[in-house]
Amino acid sequence: MRALVVFLALSLTARLSAAPPHLTIENLGATASAGKVSVRFSLAGAFQHGEMVEALKSGLPTSFTYSIEIFRDRPNWFDDGIARSRVEVICTYNSVTREYLLNTRRDRRLVRSETFTDLAVLERHMTSVDVPDLFEIGTRKPYKLKVRVKADLMRGWLMYVIPWEVSTNWREARVKTADGPRAGER
Amino acid sequence: MTPRELLLRYRKDPRFIVTVPLVILAATSLVYYVTQQAKELTPEALSSRLLLFVLWNINLLLIIGILFVLLRGVVKLVLERQRGIIGSRFRTKLVVTYVATSLLPVVLLFVVATDLLRVSIDRWFATPVGTILQNSEAIAQMAQDQSAEIAGGAAREIAASPDSRDAARVDRILGHVREFHRVDMAAVYRGGILLKAQADPRAPIQEVADPSQRFFEEAAASGKAVKIDVVASGKWIRTAIPIADGDVAVAGVFIPATTSRMIDRSIIAYRDFQQLHSQRQTLKASQTMLFLAVTLAILFGTLWTSIYASRRITIPIKALAEATARVAEGKYGHRVEVAATDEVGKLISSFNDMSVQIADQRQLLTETNRFMTTVLESVSTGIIAFTDELRVLSINRAALQMLQLGSVSAGSQLSDVLRGDLEPVSSALHEVTSGRARTREVAVIVGGELHYLELSAARLGSGAGWVLALENSTQLVQAQKLAAWNEAARLIAHEIKNPLTPIQLSAERMARKFGKEEPGIQEGCKVIVDEVGHLKRMVDEFARFARMPAIHLRHAQLSEILMQAAGLYRDVKPGVTIAVDVAPELELLMDPEQIRRAVGNLLKNAVEATESGEIRVSASRAPHRVVIEVADPGRGVADADKDKLFLPYFSTKGRGTGLGLAIVHRIVRDHDGQIHVHDNQPRGTRFEIELPA
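Line by line, the protein sequences give chains A and B. Going letter by letter, the first sequence gives residues 1 to 186 in the working numbering. Going letter by letter, the second sequence gives residues 1 to 693 in the working numbering.
Chain A extracted, bound-state conformation:
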């Protein structure tokens, strides 16, 4: 009995916390220039989820939410958070006109609205993010800073009662200067 309880608890914890293995943030790069940091990255494996495509095709608003944070990396101590931003891409398919309406919001403000007829193009726009001058770092040394990104895709239900999010793990990258080498990943 005790073993069963432990097994169920571990299963539940694993189900709630683990991200699907194919869903990752890739090509994360952060470049500092003139006291501002631009961030770019891409989301891999988002449309391998059958339910995601089905929901998109049904015309339901489908959104990816990217949480982006910049912080000062302090080895052996807590990171010093500097700023955070939230980028949402929300797509709504109009099956009558066969168009995908893609709205992009940054920190709850609509920054772009586009229409696509090609699903592949839409997928590229939803999973590739390039935000120039996202963070102001002032006079901070860029090489001491890092950015990290996580994507929240959709919500599922465990036993139809307990909500759980389909999310990626956090991905970090050190901030590089514009004339330096590309930002590395970790």
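Just so you know, the hints here were simulated from the structure itself, not pulled from any lab data. Note that the coordinates shown come from a computational prediction; the quantities given were computed from them, not determined experimentally. Cβ coordinates follow ideal geometry from the N, Cα and C atoms, glycine included. Hints are supplied without guarantee of correctness; some may be wrong.
Claimed, not checked - Taking lysine-lysine and the DSBU-like style, the derived pairs with C-alpha atoms no more than 30 Å apart in a straight line are:
| no. | chain 1 | residue 1 | chain 2 | residue 2 |
| --- | --- | --- | --- | --- |
| 1 | A | Lys57 | B | Lys224 |
| 2 | B | Lys497 | A | Lys57 |
| 3 | B | Lys284 | A | Lys150 |
| 4 | B | Lys481 | B | Lys497 |
| 5 | B | Lys481 | B | Lys284 |
| 6 | B | Lys536 | B | Lys526 |
| 7 | B | Lys644 | B | Lys481 |
| 8 | B | Lys516 | B | Lys526 |
Claimed, not checked - Chain A is faced by these chain B residues, among others (derived, beta-carbon under 7 Å):
| no. | residue |
| --- | --- |
| 9 | Asp264 |
| 10 | Gln274 |
| 11 | Thr288 |
| 12 | Ala359 |
| 13 | Asn369 |
| 14 | Thr373 |
Starting from the known structure of chain A, fit chain B onto it as the hints suggest.
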């Protein structure tokens, strides 16, 4: 009043306790009703985050509430059981029964209902309706695709024609294509700007705007682009084919509103179905959570009610049990103040009446006991109550004084109390309790004095023990003995004295007649005469003892009396001195002559018994009496002789009459006093005369 004070005030109010679950149930029912009404809502509304958020939080709150109430109840029950609080076990059983009888059916109903609901939702999407809608949408899309293909064919021909690059001849190719392909519009765009266009006058070309730049870019990038525009009169389907150098050929087909609406309805119906299908998990979740909310609310209500009901039942029982324990502890008259109206109420009322009656009876018993104790303590008869195992239950003051006992605690073994000199009492006790005798008289030496005790025992009841009555008959026995000796003395005086004179005279005559001739006769007659004289004196003493005069009481100085008595025996014997210690002002109601005689007799015996040393005569005032002591350092009196010391004709001197101390005893008794003999310390004898003052 703060909310906490209000809660504390009303938390035990039955109306509050009943109202709270009812309100919760009503709220849940309202949510359920509203949700049922929401059947008409779109799937987006049903699966909206707000509804799910509200349901989720309601469930969470209910779960927390249930866990709180349940855990609080369980913890309280466990603590009460650990502390041994009366009624906790009964309450535990009640709560477990209530919870089990409500939990099992509700949970079972929840599982069955939610499973049925999920199966039902799955069945919605498994019906042929889905296939019909899908086919309908496919046909509608095919109709549009067909129009797009027609437009595409026309645009492709425009793009393929060399005239399309010649502004002067482009109209001709546009007109030809429109006629040939039966499209409603044909146009050439250069750099996103309309170069030439021809349209069917019946088609509302003015209702549709020029395509966006992205449309042309897409056509350039992929070789073809299709754009569907819904306008007021219908729907335009336009297809773009790139020509060259940024020129794009566009042809369009107009679908009238009647047709386009049917197409759109088919598409929209299938889209709605798809949305519903893609949200079936969320729908199941929302419905499950709704059921869960109702289930939890019912559980919360039943749990609350069960704990409240168990408390309502156990509180009076607990109060009754506690009150019973109080009464058992001796707190008679303790009442149960818990209000109850049913059979438990009658039980409480009966208990309260019983408790009051016990208290009244106890009071009566206490008063009776106090009265009996007072009586027992005031009587001169010694009373000892003891068990069948001869353990003391109670002993009164007279018995303690009679047996010279300090204090005897209840439960002491009588054999431990009655030991040493009191052994005869113990033996007599066994005899009277065994039934061999109803009463027994024993002589015991208590405090160095002989006492005669009359024992009589009575059974208290079956197993209740015995009560022993001790009567000090010492004075009575002594009086009887004295009276007997008085009578004997009188008879002796009468019967012996009469023949003594003739004996004496005859002896004298014989001495005169034959004494001169025979010296032996002379000597024998002299002995006879001397002994007769001795007998005469002895008989006179007896006679005087028998005829002791009545005392004449008057106030006199005791010191003077004692000094006079001491003066008679001072310097009588070498080495023996007499010291008198008495307060000069000590005055007493007495017969001075008799007291002087009594003290004189005691001093006479003391002088005779003392070889050397000081004889002390003292007198002191004690409460209600005066004590005269005569103590000598002589040879003392054996314990065995103390019994007979004050009897007439008892003497330890061999040649005395034995009447001295008997006379002393009689004088003292005539003064309503007492005389005791003790061993003097370090040696000798001490006589103690107590006279009432």
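Hints, verified against the model:
1. Annotation: proposed proximity of Lys57 (chain A) to Lys224 (chain B) holds, straight-line Cα distance about 22 Å (limit 30 Å).
2. Between Lys497 (chain B) and Lys57 (chain A) the CA atoms are separated by roughly 162 Å; this puts the pair beyond 30 Å, and the hint is violated.
3. Distance restraint check for Lys284 (chain B) and Lys150 (chain A): the Cα-Cα separation of roughly 28 Å lies within the 30 Å cut-off, and the hinted pair is therefore satisfied.
4. Restraint check for Lys481 (chain B) and Lys497 (chain B): the C-alpha separation of about 23 Å stays at or below 30 Å, so the hint holds.
5. At roughly 120 Å between alpha-carbon atoms, Lys481 (chain B) and Lys284 (chain B) are farther apart than 30 Å, so this suggested pair is violated.
6. Simply put, Lys536 (chain B) and Lys526 (chain B) have alpha-carbon atoms about 15 Å apart, close enough for the 30 Å limit, and the pair holds.
7. With a CA separation close to 10 Å, the supplied pair Lys644 (chain B) and Lys481 (chain B) stays within the 30 Å bound.
8. Distance hint between Lys516 (chain B) and Lys526 (chain B) is fulfilled; the C-alpha atoms sit about 13 Å from each other, no more than 30 Å.
9. Here the hint on Asp264 (chain B) is kept, as its CB sits about 5 Å from the closest CB of chain A, short of 7 Å.
10. At about 4 Å, the closest approach between the beta carbon of Gln274 (chain B) and any beta carbon in chain A falls short of 7 Å, and the interface hint on this residue holds.
11. Annotation: interface hint on Thr288 (chain B) holds; nearest CB of chain A at approximately 4 Å, less than 7 Å.
12. For Ala359 (chain B), the shortest C-beta to C-beta distance to chain A is roughly 56 Å, which exceeds 7 Å, and the interface hint is violated.
13. Look at Asn369 (chain B): its Cβ only gets to about 64 Å from chain A, farther than 7 Å, so that hint breaks.
14. At about 69 Å, the closest approach between the beta carbon of Thr373 (chain B) and any beta carbon in chain A exceeds 7 Å, and the interface hint on this residue is violated.
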